[in-house]
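**Q** Each chain is listed here by its residues.
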Amino acid sequence: MTTLQFQENPTPTTQRPPRHHWNMVVDIDRCTSCRACVIACEAENNIPINTEDRFTQQRVNQWIRIERYWEGEFPNVKARYIPMLCQHCDNAPCEPVCPVYATYHNNEGLNVQVYNRCVGTRYCANACPYHARNFNYWEPVWPEDFRNYLNPDVTIRSRGIMEKCTFCVQRIRRATRGRQDVADGAFAPACVQACPSDALVFGDILDENSKVAKLSKNERHYMVREVLGTLPSITYLKKVEADAL
Amino acid sequence: MYYRRTVSDAQINRELLDVVFRTPVWWVVIVSILGLLVAVFMSTFGLLMNQGLGLTGLNRPVFWGFLITNFIFWVGISHAGVMISAILRLSQAEWRRPMVRAAETMTVFSLMTALLMPVMHAGRPWRIFYWVFPYDFARGIWPDVRSPLVWDPTAIITYLTSSSLFVFTALIPDFAVIRDRATGWRKAIYGALAMNWRGTPQQWKLQGIAGILLSALILPVFVSVHSIVSWDFGVSLVPGWHVSVFAPYFVIGAVLSGVSAVLTLMILMRFLFKLQNYIWEEHIDALGRLLIVVAIGWHFLFWLDIVFALWTAESVETTYWQLRLLTPPWSWLFLLFYVFSFVIPTSLWLFRKVRRSFVWMFWISILVNIGMFLERLIIIVPPLMNKDAFTFQFGTYRPSIVELIIVGGTFALVAFLLLMFGKFFPLIPLWEEKEGQRLVETVKVGNVEVPAMIKE
Chain W
48 MTTLQFQENP TPTTQRPPRH HWNMVVDIDR CTSCRACVIA CEAENNIPIN TEDRFTQQRV
108 NQWIRIERYW EGEFPNVKAR YIPMLCQHCD NAPCEPVCPV YATYHNNEGL NVQVYNRCVG
168 TRYCANACPY HARNFNYWEP VWPEDFRNYL NPDVTIRSRG IMEKCTFCVQ RIRRATRGRQ
228 DVADGAFAPA CVQACPSDAL VFGDILDENS KVAKLSKNER HYMVREVLGT LPSITYLKKV
288 EADAL
Chain U
1110 MYYRRTVSDA QINRELLDVV FRTPVWWVVI VSILGLLVAV FMSTFGLLMN QGLGLTGLNR
1170 PVFWGFLITN FIFWVGISHA GVMISAILRL SQAEWRRPMV RAAETMTVFS LMTALLMPVM
1230 HAGRPWRIFY WVFPYDFARG IWPDVRSPLV WDPTAIITYL TSSSLFVFTA LIPDFAVIRD
1290 RATGWRKAIY GALAMNWRGT PQQWKLQGIA GILLSALILP VFVSVHSIVS WDFGVSLVPG
1350 WHVSVFAPYF VIGAVLSGVS AVLTLMILMR FLFKLQNYIW EEHIDALGRL LIVVAIGWHF
1410 LFWLDIVFAL WTAESVETTY WQLRLLTPPW SWLFLLFYVF SFVIPTSLWL FRKVRRSFVW
1470 MFWISILVNI GMFLERLIII VPPLMNKDAF TFQFGTYRPS IVELIIVGGT FALVAFLLLM
1530 FGKFFPLIPL WEEKEGQRLV ETVKVGNVEV PAMIKE
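Sequence lines, in order, name chains W and U. Counted the way this note's numbering counts, the first sequence spans residues 48 to 292. Counted the way this note's numbering counts, the second sequence spans residues 1110 to 1565.
Calculated from the structure, these hints are not laboratory results. Be aware that a few hints might be false.
What the hints assert, rightly or not - Chain W stretches covered by chain U per the calculated footprint, using a threshold of three residues with CB under 8 Å from any CB of chain U: (1) 96–106; (2) 134–146; (3) 246–260.
In this text, a Cβ means the ideal position worked out from N, Cα and C, and glycines have one as well.
Same shape as in the complex, but just chain W (with noise of 0.2 Å):
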């Protein structure tokens, strides 16, 4: 396999010591596309509703999906998922090319938006190569019943602004806030929460006792599209094939 070596913090931002370095697993093996952590997601992160205008006009908003793959043909058909999500990567992009800083590395891995500085040149979105930015080409709007279930913790974003996964930075900043350490899965972000399989996994590289740590260490672990350089922080767990055992 390819590796590519970078500098370890090619865009610092701080000069403090990172204390965390957030980093997902994703278990493709346990994957079952119940699209559980999609619907966490929109919900927790005040997400407009994805209605059939917005699929056909091939302008959903989504911060994590599962990307479905045909493979053979009938009747030995497989069907093979893949949770996407922005991958929050430490060589981004999607960073570099933004005029007006909206998007940057923050010193806890983090790929970071900023929505009010975001005038919506959506430059970043065609530089991500994973696909995982999404742009508010509408104004948002939500049923009025629906008001009282936005989340207080997490802006709205208006029109003309890129947003994408953040790991509920929001999550991470109660959990985080005004403690030294944070035990191993104390808090985890929506989609995490919300996967009944356990696929994904959340936590601290840095702390080499996390379960993210030890599993990022698996046989199986890839990173996509890792020949870019593009570092990311999430890890994906190869699927273990039925036939090949």
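We have chain W; now place chain U onto it with these hints.
**A** Below, chain U without anything else, positioned relative to chain W:
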């Protein structure tokens, strides 16, 4: 052999300033039609601002579409200004004289139009200014200089400033000519613009130096502007955009479309402004010969783009080329683009008869620019449609009516601005023509006196 016909100074003044002092009916008619179209364009712009980019045909994989294509197209058209006026001035090509100002003016107006496009295309245009002019001093946030979108406005504003200066410097002697003939408030305005021009040898010398100096200084901009625009694509990680040959490819493509646009403009000027005494077959012949060289150079880089991509034989590269070359409607658009901007023009330009026919040259130059618009579209959209290795996210793109109106409106806008300019200032520099007349010498060939050119 280039002969200059003799036209007297008085005739030059009379014919070139005709439209300035007398408003012809055709001008009123065309300007009102174009004004109407510009009004439609501006109201569509307003609608887009009001309703948001949902009105366009853009979607999730295809984030950039017709408006960016149009931006690239107009920046490309603007390259004619430098090509014609700076390079031809420095290389002392005599035949440049009637077309320098038209080319430079078109540069200025097409750049202004091009600058509108990113504004329309941004999600929140009302916040766009701190992209270019950092006002967030308090927060210590400056534009990110690593982003090609910061290089873009820098390059284009530099180009716009220098071309405007260029146009203005060349206009000063002509302002004075109009000032001397105008009356009333017009005299005051033209007088102020002429900046006390008396036509003294000292002033002529300074004006000449300024022209040469600006030509020389503008040359780096000529190479840089479209290179930088091409880096919008080259720097990103999109297969099909991430091409190292883009900078020269875009520059020479810009010259091809720009000089063709000058050709269109010259023929229209000759027809509308009745400039038969100034724009001749020799001029469009020279432009045609220049264009053959440019088109072949462009064609070489165009093939390099394909060859480099296919040589790698990587699936990410071949998927978008498959889309461009083999999948309708892109395959049709590709064929049209290739035939329009290379096959038809270069083969026809080889014939002297075609090069010297205004009708042929007019339609060919239009074809070239249709082709070049398609070229930019084909460069921008298919790689986005098949951008990702994840085939699940492949997309399609179809421009909406709003985008079509805006693209059409930009043509009306540039034509409108050019006609307005042509009403108030001469589109052919009077002093250049007169200077050209001074350089005519008659040479005795056998028993006949033949007008011949001497170099500056």
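**Q** Indicate, hint by hint, whether the structure satisfies it.
**A** Hints, verified against the model:
no.	hint	in the structure
1	96–106	holds (count 3)
2	134–146	holds (count 5)
3	246–260	violated (count 0)
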